[in-house]
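Trainee: Listed below are the residues making up each chain.
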Amino acid sequence: AQKVTQAQTEISVVEKEDVTLDCVYETRDTTYYLFWYKQPPSGELVFLIRRNSFDEQNEISGRYSWNFQKSTSSFNFTITASQVVDSAVYFCALSSDNAGNMLTFGGGTRLMVKP
Amino acid sequence: DAGITQSPRHKVTETGTPVTLRCHQTENHRYMYWYRQDPGHGLRLIHYSYGVKDTDKGEVSDGYSVSRSKTEDFLLTLESATSSQTSVYFCAISSEGLAGAGEQYFGPGTRLTVT
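Taken in order, these protein sequences are the chains called A and B.
Under the numbering used here, the residue at position 70 of the first sequence is numbered 746, and the numbers go up by one with no gaps.
Under the numbering used here, the residue at position 17 of the second sequence is numbered 1054, and the numbers go up by one with no gaps.
Just chain A, with the same shape it has in the complex (with noise of 0.2 Å):
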């Protein structure tokens, strides 16, 4: 079976401070692919990264970068110099070859960032 845990239910932080959302996955597939979704207010569902497992490189897109760790079972995700509008419901999420069509989202850590 599958497992994503994001242990953070609620992060509060000051606007321009860098925030670490966690991740971590469980999966006895040796092949799979870790995702990110964001939630804003407004409520709709915005993809953000898909990395594979044969690929542990870090991303950097803009304020936002990921970090993939295979030895811990990690994918967290950081948010750089963080804005109001950064202020979301961010969802990480799991799937593998051998899960058939199942994409496992974990509980999601609301993020809130104050001006």
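Derived by calculation from the structure, the hints in this document are not laboratory data.
Watch out, some of these pointers could steer you wrong.
Here are some, though not all, of the chain B residues that point toward chain A, as calculated from beta-carbon distances under 8 Å [as the list claims (entries may be wrong)]:
(1) 1116
(2) 1142
(3) 1145
Some residues of chain B that are not near chain A, with every Cβ distance over 12 Å (derived) [as the list claims (entries may be wrong)]:
(4) 1044
(5) 1048
(6) 1150
Glycine included, every Cβ here is placed at the ideal spot set by N, Cα and C.
Please arrange chain B on chain A, whose structure you already have, making use of the hints.
Mentor: For chain B alone, kept in the frame of chain A given last:
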């Protein structure tokens, strides 16, 4: 933005009544999914489709049925709504199945309340 619409966007219904939610896409993607979102659970897969008339169950399929008679439409039916089915329902599409690890794009959601 991916062309995905959901209807209705909001619905209040009584226990025991049938309810059908519609997802419509203009992207001609093969794969379509229905999720429900509940506090503390993230998103959970209800059913998915990998082609016209090809559907399968997800993690929380009890009490739900689906149909896909055209590529662009995926219907979710609650045969006899219960209060435990009060939730926000999201439709998603993907050009690849999860075995191919394609990212999913989500519709705006339908808020369903069963009284």
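Trainee: Which of the numbered hints are not met once you compare them with the structure shown?
Mentor: 1
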